[in-house]
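Peer 1: Here is what each chain is made of, one letter per residue.
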Amino acid sequence: MMSELEDYNISDDKLLHLLKDPDSLPKWMDAIKSIEESNDGITKKSSTIKKSLLRSVYLSLLKRFPNLENYWIRFANLELSLGNTSGAEIVFLNALKMLPYSLKIWVEFLRLRINLSNFEYSEMKNLFKSAELKIGSHYHSSEFWELYLDFEENYNAVSKENMKYEIFLILRKVIELPLHQYSYFYSKFSNFLSEEINFKNIRAFLTQADLAKLGLANEEKVKALMKAEDSAAQLKELKVKVKKIFTDLYISNAYEVFKIYQYESKLKRQYFHTTALPKQELDAWDSYLNYLEIKLLAPDAAFFSSSSNSKKINKTVIQNNLIQRIILTHERCLISTALYDRFWVRYFWFLINIDHFADAKNILMRASNYIPVSVLSTKLLLIDAENYDGNYLTSRDMIMKFLAKFSKSPSVWKPFLDSENLLLNSSNTSRTGSGSTGNESQQKDYVLKLMDQSLQSLLDYKSATGINNPLNFDVFFQYVLSYDNISVSEKLAFFKDYESSIFKNSATYWTSLLKFLVFNKDNLFVDTTTTTTTTTTTTTTTTTTENETESSLKSITSQKTETPISYSEIKVLFDQSYQILTNENPSNNANQRYNNKLKLFHLFENIIVNIQENRIKAPEAKKINGSIDELFEMHVNSMLTDDINSAFW
Amino acid sequence: MEDFEHWQFPVDSKNTKVLLQDPSTSTDNKEKSLPSVPKEYPSFLKDFPQWTTARTRVNENLNNIKCWEELMKCTENFLMIKPLNDNFKKVIHSTFNELLTRFPLFFGYWKKFVSIEFQLNGLDASISILSRSLDSFPNSIELWIDYASILITNNNLNDEESVEKLRAVFRRGITKVGWQFLSHPFWDKYISFETNLKLNNGTYDKNCRLYKIYSQVIKIPLHQYSRYLTEFNELRKNFTSDQLLEIDEELKIAIKESTKDKRTAINEYFASIFSITSQGVAARWKYESKFKPNYFNLVPLQHASLEIFQQYLKFEELNGTKQQIITLYERVLVPAAFYEKFWIMYIRWLTTNHADDKEKINEVYNRAINIFLPLSKNHVRFSYLFYLEKIGEYDELNSTFLIFINFFSQSPELKSAIFTKFLNFLRRSMSYEDYINDMNIVLKKYFKGNFPSSTSNTEETKSSNFKKLTYILDDSLVCVMINSYINSLWLFNNKHYNKSQVLGIFVELSIKELLRSNEEFWVNYFNFTKAIQNYGAMKKMIHLLRTTGRLSPQFINDLSNLYIDYFQSNIKKIALDVKLPSTMEVHKEIFEMKQDIQSPIAFQKSHKLRISSTEGNKSTTTDQFDKVLHRSNGNIGFEVDERPLVSNQLPIYENLIDTPNLPTFKNVEKASLIANQIGS
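Quick note, the sequences are listed as chains A and B, same order. Numbering-wise, full-length UniProt numbering puts 641 at position 641 of the first sequence, and it's gapless, one number per residue. Numbering-wise, full-length UniProt numbering puts 460 at position 460 of the second sequence, and it's gapless, one number per residue.
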């Protein structure tokens, strides 16, 4: 294709640039512009290759960024200028498939159809009707409504009366909508009322019930009035009554317009672009949506009343209108905010809360076309939704797909491990967790095995290439603590296996280990009162020689399966972690080291609460050894660094 | 020090002594209000608006040097009032006292205070102020010189006894400031005092006394060391070699082994002292030349200064004598009195090298803890607690804990932290059974019997410390205590505990009003249910927290997310344990929890329940929700009652094909009101 391009002199490197960077919207725009403007622009006479090139660029652009309303329109106009009217219509129809709530596209589409003037009235009317249901309550929809009114006025093929009646229906509906141009339509309606309605046709514009209220229930009565001498005065009086009612409508609507104006006025960029939106604008969308959603709770909307427990209550028109407006506002919002996962997420939860479960899931699937691949929130939410639905296998497939793509992202591993644990772990239910002993423990827990494999391959990969830093996988040591089907001894062994790996530099590793030891002391610790003497000796030896501390965890685990640990052994672990986290690791900055210290102190103090219990038997015993001295020294020594910029200052 | 203006110092905390007595026996247990913030100024001050304005500004900016300067200027102006009555004298006194209690290192204000006191109340009173200044700022060369001068001028120098007293003052001064690099004015004062004495004990006696002073000063690396050496060499000429050996013990020992003749050996000895001293000066010069500022002020120090101080201290720790090292620390801690790091370095050095000198260690700790370190810097304070425990000073430790708790009466977080440490200490100092028993008695008393019991308890606590606790216990401390108590029942219990009994206690406590707003309690509760793997209990606990907890949404959601993570890891096991029909039920629970957390504000059910329960509303109608929402999210303007509304709205999701009814309304009577509002 590139060589042909050269032939036709569109060898502009704009396309080359684009091919290298297909996520860059400005490059797409440049490419389209350069093709359109090359060789005196594009006309019916342009070469087929150039035309098809341009079409394919448009198609790819709109596939990549379907929210570009203006480019859909531009594309359709291109087809039009090339004489391909059906092509233009197809472009619009495709656009509406992607953006069914796009006001711009609907208006342009309707306009195109009218301009082509080869339509049937009823067919066109239906098109207007479908458009109305989608975008009729759009704050800026006056353009649409005017087009609609014009259409009726100029093309109504039924009768003049019917035209008037259709116009009445349109105006009657539009004056209830909180639109930017609400007063314009109200005055139109008001004119219609004064000029078009008389005793002759009034029965068409009022319902039987309303006629009765106005004393016109009887057809004869109307006829009589018509013939009466003061007929004009009577009509005027009647209209004043009716007008008074519609003034109240006007005021009610004005109130709502006034309310939403404070949000609408802050929405500056209502089109799609890949550049960031200012925070104020994102916040404006948020508060706008909040405003509308909270209206759902108002007594008159009464959607969630605490008295009705049943979820399937009959929604009133007011509720449904609100829901429709909220959906439309979400859709409008997402045209410009499609790159922000939080608006998809809030749309999802809105739909969940009104029990539109399938629609909600659909939103998340749509989201995946827009938000960056690396943003996982919507994808993980979809997995939750599938699980909620009981579609375990679907969710598992999705997780596997993510994992293939994001195997370096630990946050994808948690749902993966959870799902494997649910579906495949055979040891899951057969054991009672911590207390298990005996043969079962020979078979390693499946989840644990998976974690092991993953860490192992990371470490192998690292040693092979030396570039990857697996340290963010230290959260595995947090994860492991939450699986109750993994026995305490297996967990301990897991920590042990990595004690001399790169993870020994991780604060997460050590705090998880210490937490694990503290919370499982029932299963792990000896009753230290019986081993006081050995305890003291271990402390002295271990603090003097470093080699001994190295093997501390090993010695714990090498003893029989559920062997308890003594507090002094914890102290040894603590010392080791302390040294590593505060001194040896140059990758931690001063503040991190400082925070690590505080964290460890806190843990250690908790451990120490009990140590003394077994060392001093009575308060009179003045001689205190060990831990308190250590705590004192920690406080005095540990906070001192040479770094003038340390947090300590 | 960027937040220096807002620091609070120990002096800002309330009177501590009250706390240490049993309130029932103490006659006056009212908290004394601080003198610094009088509510109203006495009437005689009304004619001095400048002073009251300055005073008010100081009250609002207690750490601002400019405000204080203005106030002190105005205060001094009172001296021009003739005659000056006692009221003004009192104000002058209390203002100076307040400044110098807060910032005792302002030697300039001490000097001013002394001279004002001289004008007001005469010589003796001013001397006693000066002597007080030295108690507060014993390392000030200026104040020592002033003190010595005033004593010399006003004492009978022909009286042997007075002279001996003065000599004692000089000797004391030398131990405080004599090793400071720029201490020569004080040494000079000492030397000239001895030189000018008219006491008739003969020239030899005078020379001997001078020799003693000089032989001390020449060994110290001072800025003026070479002058002293020259003067000393002059002085030395008045003595024969034998006389020198007789009066200078050190010299005698030093040259005992020498084979050379006496005079040569003596000369060599002093030459070597000279060389050592001059080397000492040279080595210190690179720090001394950059040692600034060397006075106290209320502005942050430059990094360069901190760097120099730190390097110099390191150098001195390696090369100096104990006296030199202490002197340097004391000097650094004048300009850097608010820098905790130097206090910690000082304490580390003392406790490592002079652990026996408990008096000095205590004295340094006391200054750091009770005067200089702001209440936001507490490493030194915490380390003191461990220090006291380490050296076994339990009585002191007990009262220090109580004092600290009082220091932090304004900071719930620190107050709780200290109290936790206190309980941990008590826990260590007695047996487990006694601890639990005493805790239970105290807590029962606090809740007037309405507290779950875990032990068969007696009426009185075994430990008198626990008895003291009842005097200081308040709602926030009692929460700390409950947490420590309940953790002691399971987490810190060395024996196997009864799971359902402890769970019962958690459940009973969780509905207590007090604990609804206590983060630690809920974390403990969560950890406990996790440790005993009781999923049903955990679910109940989280839902209770979500609907009734009075904590930040952030905290509640964080804990709920931990719960979600944990449940997600154990779905099969939970379904089995809680006897659910299928694992889907667990997923449903997880999903609904997420819905409650992540939904837009309008749909966060438990959040709203929580707020309405906090508002004191038991009612949970939608109407209440909205009012609450309106308040909780101010930018959502929504007036439930006033909104005009078309009650038979046309559906916007359907096409209109028939004539609709005329619109009907709600609240339309308010519509015109609103129309006006919109119109304007």
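Honestly, the hints are just simulated from the structure, not real lab data. Virtual Cβ for every residue (Gly too), placed ideally from N, Cα, C. Please note that a few of the clues may not be correct.
Straight-line C-alpha distance at most 30 Å; calculated DSSO-like pairs for lysine-lysine [to be verified]:
1. A/Lys515 / B/Lys666
2. B/Lys666 / A/Lys236
3. A/Lys449 / B/Lys666
To give an idea of the chain A side of the interface with chain B (calculated C-beta under 10 Å), a few residues [what the hints assert, rightly or not]:
4. Tyr165
5. Ala209
6. Ile251
7. Asn290
8. Asn321
9. Leu328
Peer 1: The structure should be examined with respect to each hint, and the outcome stated for every one.
Peer 2: Hint check:
At most 30 Å may separate the alpha-carbon atoms for a hinted pair to count; lysine 515 of chain A and lysine 666 of chain B exceed this at roughly 60 Å. Proposed proximity of lysine 666 of chain B and lysine 236 of chain A is supported: the alpha carbons are some 27 Å apart, at most 30 Å. Restraint check for lysine 449 of chain A and lysine 666 of chain B: the C-alpha separation of about 65 Å exceeds 30 Å, so the hint is violated. Taking 10 Å as the C-beta cut-off, the interface hint given for tyrosine 165 of chain A holds, the closest approach to chain B being about 8 Å.
At about 6 Å, the closest approach between the beta carbon of alanine 209 of chain A and any beta carbon in chain B falls short of 10 Å, and the interface hint on this residue holds. About 4 Å separates the beta-carbon of isoleucine 251 of chain A from the nearest beta-carbon of chain B, less than 10 Å, and the hint is met. Satisfaction of the interface hint for asparagine 290 of chain A is found here, the shortest Cβ-Cβ separation to chain B being roughly 5 Å, below the 10 Å cut-off. For asparagine 321 of chain A, the shortest C-beta to C-beta distance to chain B is roughly 5 Å, which falls under 10 Å, so the interface hint holds.
With 10 Å as the threshold, the beta carbon of leucine 328 of chain A comes within range of chain B, its nearest partner Cβ sitting at about 9 Å, so the hint holds.
Checked against the numbered hints above, the structure violates hints 1 and 3; every other hint is satisfied.
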